[in-house]
Every structure is written in structure tokens, then in C-alpha cells.
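Undergrad: These are the residues of each chain, in order.
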Amino acid sequence: MTMTYTENSPSRPASGMGASRLAKLTIDLWLAVALVVITMAISSVKPQLLDTSNIAAMLKTFSIMSMMVLGLTWVIAAGKIDVSFMQIAALSNMICASCVGYGWGWAIAAGLATGLFVGLVNGWLVAAMRLPPLIVTISTAGICASAAAALGKGTVIRIADPGPVGSLLNTMLWGAVPVVVIPVLLIGALAWFMQERLAIGRYIYAMAQNEAAVRGVGVPVGKLTILLFGLSGLSSSIAGIMLAASLSSGQPMIGGPYLINGLTVVLLGGMMVRIGKPNILGTMTATLFLGVLFSGAALLGLPDYQRQIIQGVLLALGLAVATIASRHHRGKKKGH
Amino acid sequence: MKRLRFLSSGYGRGMAFILLVLIVAAGFATAEPRFLTQASLSGIARHMAANGLAALGLTFVVIVRKFDLSLAGVAAFSAMSMGAVIAAGFPLTVAIAAGLLIGLIIGGISGFAISRAGFPDIVTTIAVGSVCSGLAFLYTGGRSIFQNFFQSGITNLNDARFLGVGVSLWFLVAAYAVAWLVMHKTRTGLAFYATGENPNAAAFSGISTSRYVALAYMLCAAFTVLAVLLILAESGNAETNKGANLMMPAYAGVFLGAAIMGGTSVISTFAGILLITMLLDGFSLMGVPYYYSDGVVSLILLLGVVAFSDIARTWIGGLKVLFGQSGTAGRASGGQV
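Protein chains in written order, with my numbering: chain Y, 1 to 336; chain L, 1 to 337.
Bear in mind the hints are in silico, worked out from the structure with no lab data behind them.
Cβ atoms here follow ideal geometry from the backbone N, Cα and C, with glycine treated the same way.
You may find that some hints are simply not true.
[Claimed, not checked] Stretch-level coverage of chain L by chain Y, calculated; a stretch enters the list once three of its residues show a Cβ under 8 Å from a Cβ in chain Y: (1) 133 to 144; (2) 172 to 183; (3) 298 to 305.
[Said to hold, decoys possible] Per label pair, the in silico range of CB-to-CB distance: (4) L:Gly142 / Y:Leu173: 38 to 48 Å; (5) L:Glu32 / Y:Gly154: 16 to 26 Å; (6) Y:Asp51 / L:Ser42: 41 to 51 Å; (7) L:Gly118 / Y:Ile38: 24 to 34 Å; (8) Y:Gly216 / L:Gly142: 17 to 27 Å; (9) L:Gly14 / Y:Ile38: 19 to 29 Å; (10) Y:Ala113 / L:Trp315: 25 to 35 Å; (11) Y:Leu198 / L:Trp315: 56 to 66 Å; (12) Y:Met253 / L:Thr140: 38 to 48 Å.
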């Protein structure tokens, strides 16, 4: 039920020859290289890919998607699973849309509070009630989806004024970069700092390997689990609020497709930087990668279902690399 | 104390379950008199047949302590495949055989990836499900298939009756009877349970655990195909969203049944799915909007697993101590898992 990936490898080669360091960097950041390659390949066939309006659209999708899965990344990195994030986003989206009448400030607060609350409930059920994360989050996902649909009686809630979030999304810098990218990147950088430089990052990756041992050395694993699920709910509710502003409406059915999208970017992201382990930088790169791929596929005229097949294959590929990397790692360790 | 131990035994749980079913039925019957009419009951039987087959398949996977989230994708792809075979003019048996073959292949792929290659089960089955629901669009690009459906006789699976009961329910009972015999009366069944309980110990006892895990996934996919077959028979056409509503009831049936009956088994799944189908049909009869159904099932599932969790049982044990009953009473009810 839990997903285990590779051992932590704290002893990174500190320094070496310039060439081998470059090789290591390429291996670490190969997804970023793939991103550049695929962008160049698609834009050589369809130059519209790099039109300012298309770049703006891709960056908007990137901002929403990376908020959707930022917290999920750590939940999966800690060896747990959360399949409720997209429905939390849908519920926050509907709550935000139905509270806009009281002013955008309240709407945002209500949306965030909903996401945080559901996330904390998930975490509490997993940590304190010792229930399997899948069963917990599958149930809360169903409840959130129903609640979202019930708020709009099965249909959408229109928003007249997309408010401050809308202006963040629709104001462009240099004609192609929505302003919202800046706070998203700042949040990403903060999360990266927490993951790489603070103890909490070490605990997350240690939990995936041996929760009992982490508990044994005195880490409050239960509280950490609740925190991770809470953060996952909070970050996907940010995405839900952004979607409300972006679509000028609350859409109850918006969650569905994000499940596979979200898991794909997290696991694909786990193929770079910390090979076989979901991490923030990888997730954000993979989000951009998938955004370019889908935009390109749409420009090339591929129907929706073919994109879905491509995505499933990419997800399987991410899994295969993660699994093989972890086995390789384990094998090497045994050899020592 | 003896009485309390009886309550936590298998018979006590069975009685408690029957009581729960009667209470739910009585509740619906008073709230909505149409609940006990012939039409409503045969509707429940039909829906239970479809939900029950999917849940039975999932039971095997849960017994080996894995999850399968590809149900909806497998159902969509096999529904469209069977529809395409029927539309091409082949007899129904060929269509069913093709559907089962597809199910076994997909289940085999997931099972192999998880048991042999060591892929994580949840994400692997999500990926497989995603690819399958994409493949479902291959035949018609998403349009409904209905050609030859009535000539092929598939609707008989839904309409025909035997001894006054729809054939689909007999089909369900037969499937559960065979599954019960295999899972609880043979070495094969024991091997499934051993694989789930402790794979290492099972492997050292000479059980090929990866084979049983793969087999569980194949059975799950095959039963999902049979479940969606009944749905096609009811609606008389094949669409890509057929089977989208199979997964939540299946999970709720398996885990709620396990929570009530004290462990995953063929009988507990039967109990769980009976309860879930009654609730779903009762609510839809009372005119509760469609979008509440998933939420209701999810809420019941969550309440069920919380109420019957080990932690909740220790609380109940603590309450008993608090109210002056003997402390062993708490252990008697908490000891059985």
C-alpha cells in the first residue's frame, strides 16, 4: 500500500572533475533538458507554440497545476498517497465562487480554510486513526466532489468579477508572463528550501523508508503526517481558487482530470534531481514539461483521448524509472 | 462476559449485520413506501449484481493487501470492446469471451508490473486505468455503440427470469458461491490469504506469492468485465462512461463489509455490497439528486472504517472500563480483528 522509493543518499559526490560534475548535472536535470528539446521539436513544426499568447496560456496552466500538486509531492515522497487533492480543489473552487458575493478576501479565505480543513482531516484519519491513506482520501474525495456539486445544485456558479486573483492571472509582464507566476515560483522556492535545507525535508524522505525508525528517534511522525496532508489540501485549494478566477466560475466537475495529471507530474518529477523520489523542483519541471507537451499535442490536432494515452504511458514510464532506480540503489548498497 | 464475546464472534457480527439491513430497509420502507415494491426490489437485485461482481473482483486484490484503481478504465475499455464485437455481428458469447480476454490481459499486465517488477500498486493501476479509458475511444471516437444489441440477445441477461428472480442475481449468487468455496475451503484460497498476511512467510511455505498477486489482479479485471456486461445488458448500448460508477460502490462494499464482519472475505463483501446497493437505490428512489450518491457512499465508507477501526475499539474498551464494566470486556471485543 505504501510506496517506497530509493534510500536517501546524503553522501552526494561533493566535488569532482569538471566534466563528471557536468555529467552528473545533466543526469540530475535531464527532464529540464527534455523540456528544452521537446519545446524546440514542437515549435519547429508548429511555431505557434511560442506565440506570446500561447506562452501566457501555458504559464497560467503551469501556475495552477504546480499549486495543485505541490503538497501532493511531499505526501507521496513520505510514502503515503492522496487521491483527494483534485476534489479538494473542486470544493474550494465552488466555495470560493459561492462566497465571492461577500468580497474576494472572504472568498479566498473560505477556499483556503476548506482546503486546509479537509487536508487536516485526511491527515488526522491517517495518523491518529491509523486508516489506510487510500481509503481515507478516496472517501474524502467522494464527499468533496458531492459537496462541490451540491453547492451549485449540479451546475456551475458564475462569477461576474474575477477579482484580484483574476488580475494576477490576466496581467502580463512583457506580454507573455502572467504576474501570478512570481508568487507561485516564490512558494516553490520556499518549499524547495524547506525540503533541502530544513530538517522537515529529511524527515519526509526518511518516513518513506522506515516510519517506525523515524518515530523511534523522536520525530513526531503523527503530527508530521497531519501537516503534510494539511499542506496538500491547502496547496490544492490555492489551485481551486485560481481556477475560479481563471474560468470566472465555480466548476463542480473540474477535479476529475487532475488526478492522473497530478500523479503524472509528481512521479515524472521524481525522475530528476533526486532520482526515484518526488521532489519540488522535479514536480515543477514536470508540470512545465507536461504543459508544453499537451499544448503541442493540441496544436498538432491530437484528440483528447490520445493525450490521455500518452499521459498514462508517461506515468508508467515515471514509475518504471523510479522502481528500477530504487532497485539499482538497493543493489549497490548490498554490494558494499 | 460470555455474552460480549459472543457479540464479537462471527455469528454475532452476522446477526448485527442482518439487524443493520433490517433497520435500513425499515427506514426506507417508512420514508418511501415504493421501496418494497416488486419493481424497486428487482432494481436493487439488478444493481447489486453489477456492483457485487465488481466488488468480488476487488475482494481478491484486497485479500492480497493491494489496491486496484483501474476499475473504471477497464470497465470502459471492455464495454466498448464488447460493444464493437457485437456491432460487428458476432454472437454474444464471442463478445463476452473477447471482453474477458481483454480483462485478463490488462489485469495480467498490472499484476505482472506489481508482483514481478515491484511497481507500486496504486499508481500503476491508475496509469493502466488511464491508458484503458483512452483506449475506450479507439473504436468510435467516443460515440455510443448500439448496433445489433437487441438481436444479439444481450438484453436477456437483464430481462430474463428464473424462478421469479432475474438471471443476473442468480449469476451473482453462483459467482459468490464458487468464490466462497475456493477462497475459504481450498488451499488456493488459503494461499491468497497467506500472500496478503505475510508475503515472506508465504514464500517460505512454498507459495508463489507473485503468482497469486498477479492472479488477483486478473480476477479483478475479469469480474469488472462481467459487471460492465450486466450494465450494458441493462442499458442496451455501450458508452465510454459505462462503469464509471462501479468503483466507489465496490470499494465501499469491500471495506464496509470487512469493517462490519471483521475481515475481508467473500461473505463480508456480499454483506457490504448488499448494504451499499440498498442505500444507493433507496436514496435515488427518494429523489436525492444524483450528485449526492458518491458522497453518501463515501461518507458511509468513511464512517464504517472509522467506527470499526482498532483505535475506535480501544476507545470503546476504555469507555467500558470507565463505566465500571470489567476491563476484559474491552479486550474481548478488541481482540478479534
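Undergrad: A separate judgement is required for each hint: does it hold in the structure or not?
TA: These are the hints, each one checked on the structure:
1. 133 to 144: holds (count 8)
2. 172 to 183: It is violated, with 0 qualifying residues against the three required.
3. 298 to 305: Our answer is that it holds, as 5 residues pass the Cβ test (under 8 Å) against chain Y, meeting three.
4. L:Gly142 / Y:Leu173: 38 to 48 Å: 39 Å, holds
5. L:Glu32 / Y:Gly154: 16 to 26 Å: 22 Å, holds
6. Y:Asp51 / L:Ser42: 41 to 51 Å: 59 Å, violated
7. L:Gly118 / Y:Ile38: 24 to 34 Å: 29 Å, holds
8. Y:Gly216 / L:Gly142: 17 to 27 Å: 53 Å, violated
9. L:Gly14 / Y:Ile38: 19 to 29 Å: Violated - the Cβ-Cβ distance for L:Gly14 and Y:Ile38, about 59 Å, lies outside 19 to 29 Å.
10. Y:Ala113 / L:Trp315: 25 to 35 Å: 28 Å, holds
11. Y:Leu198 / L:Trp315: 56 to 66 Å: 35 Å, violated
12. Y:Met253 / L:Thr140: 38 to 48 Å: 23 Å, violated
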